[in-house]
Amino acid sequence: MDKSESVLKSDAFARMSKSGLLEVLKLDTFNSTECAVYVGCKRWAAQKSKDAGKQDSDEHIRQELGDELISLIRFPTMTLEEFTDVVSMENVLSRDELLNIYRSIANKKYISKFTNKFRLGIVARCLFVRCVSVCNGWGYANGQQYGLSFTVSKNCELTSVDMFLPASEVSVTGVLEVFEGTQLNHTQIVTLHYKKGVEHLLVNLDKSLNLHPSNEYSIRMTGKSGFYCGFYCASTANNISMEGVTMTFSDLKVGLNQIGTNVSHRQFYGFELLIKTKK
Numbered sequence: 065m066d067k068s069e070s071v072l073k074s075d076a077f078a079r080m081s082k083s084g085l086l087e088v089l090k091l092d093t094f095n096s097t098e099c100a101v102y103v104g105c106k107r108w109a110a111q112k113s114k115d116a117g118k119q120d121s122d123e124h125i126r127q128e129l130g131d132e133l134i135s136l137i138r139f140p141t142m143t144l145e146e147f148t149d150v151v152s153m154e155n156v157l158s159r160d161e162l163l164n165i166y167r168s169i170a171n172k173k174y175i176s177k178f179t180n181k182f183r184l185g186i187v188a189r190c191l192f193v194r195c196v197s198v199c200n201g202w203g204y205a206n207g208q209q210y211g212l213s214f215t216v217s218k219n220c221e222l223t224s225v226d227m228f229l230p231a232s233e234v235s236v237t238g239v240l241e242v243f244e245g246t247q248l249n250h251t252q253i254v255t256l257h258y259k260k261g262v263e264h265l266l267v268n269l270d271k272s273l274n275l276h277p278s279n280e281y282s283i284r285m286t287g288k289s290g291f292y293c294g295f296y297c298a299s300t301a302n303n304i305s306m307e308g309v310t311m312t313f314s315d316l317k318v319g320l321n322q323i324g325t326n327v328s329h330r331q332f333y334g335f336e337l338l339i340k341t342k343k
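Using our numbering, you'd call the opening residue of the sequence shown number 65 and step up by one each time.
Some clues are possibly wrong.
Restraint ranges, calculated between C-beta atoms of paired labels, are given here [unchecked claim]:
no., residue 1, residue 2, range
1, Leu265, Ser299, 18 to 28 angstroms
2, Gln322, Glu87, 51 to 61 angstroms
3, Val239, Asp149, 21 to 31 angstroms
4, Gly130, Asp315, 19 to 29 angstroms
5, Glu132, Glu263, 40 to 50 angstroms
6, Ala301, Gln119, 52 to 62 angstroms
7, Gly84, Glu233, 49 to 59 angstroms
Treat the hints as calculated values from the structure; they're not laboratory data.
Model, not experiment: these values are computed from the prediction.
Quick reminder that beta carbons are idealized off the backbone N, C-alpha and C, glycines included.
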């Protein structure tokens, strides 16, 4: 456990003064996830409620924290999984706050009052772009499957996949699957809409997926729509390094590659990884 997370779980943190907690939340360098910061703040507020002879309910926790402290928690920097599993299941935040934060995380747009700037020394959200040049006119058909396999050099999380859009005014649907070795690890329905002037789109996974350097992963898409023409990679990079992580691509190991996607051509434009950093 990192030292900062140990501090958040300590009795001393729960007994800290409000002004002390305020200074902690203002820090731009704090080696912990923002979800752990939020849970630590709830512990602090629950202790203050008990000291005042009140129940540690969500309502009283919000009262103890107040807008001043709540506003310093960087909710938009959480993963979607952290936010939905921890924060959204409670009533510490208002419905409008929950909705705005969810939209900020899901759409990668800053539309809430909470800062979306990561604390240094925590994580970096990096887009590994494998596509060097883009063309259009490649045909995709119903039932056809395409994909890639890849490895990573360091523990990280896969949060989004950057996929090519149709090149004409249609919407297409398919099943996106991610395998760890030969075991299916994730599946979701993806719909891609034509958008004038836009070649590709970052598609958020329903949940972030932990990646480990000891495993090989495969990602594939099976079309469920009729024939259409779309954009594609005309040339690619097979080894990409960012924030100490190298992502290495290879031809699909699990499933069928029926439309020519490989380490040199076609899908996918890129992959978004969440990487723990030490700065």
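- prompt: How does the Cβ-Cβ distance of alanine 301 and glutamine 119 compare with 52 to 62 angstroms: does it lie in that range?
  reply: holds, 56 angstroms
Cβ separation of leucine 265 and serine 299, checked against the hinted range 18 to 28 angstroms: holds, 20 angstroms
message: Can you tell me whether the CB distance of glutamate 132 to glutamate 263 sits inside 40 to 50 angstroms?
response: For glutamate 263 against glutamate 132, whose Cβ atoms are near 44 angstroms apart, the range 40 to 50 angstroms holds.
- request: Using the beta carbons of glutamine 322 and glutamate 87, state whether their distance is inside 51 to 61 angstroms or not.
  value: holds, 58 angstroms
field: 21 to 31 angstroms as the expected CB spacing between aspartate 149 and valine 239, which holds or is violated
entry: holds, 24 angstroms
message: Looking only at beta-carbon atoms, does the pair glycine 84, glutamate 233 fall within the given range of 49 to 59 angstroms?
response: Distance hint for glycine 84, glutamate 233 holds at roughly 58 angstroms.
- request: For glycine 130 and aspartate 315, compare the CB-CB distance with the range 19 to 29 angstroms and indicate the outcome.
  value: Once the Cβ atoms are compared, 56 angstroms apart, the range 19 to 29 angstroms for aspartate 315 and glycine 130 is violated.
Checked against the numbered hints given earlier, the structure breaks only hint 4 and satisfies all the rest.
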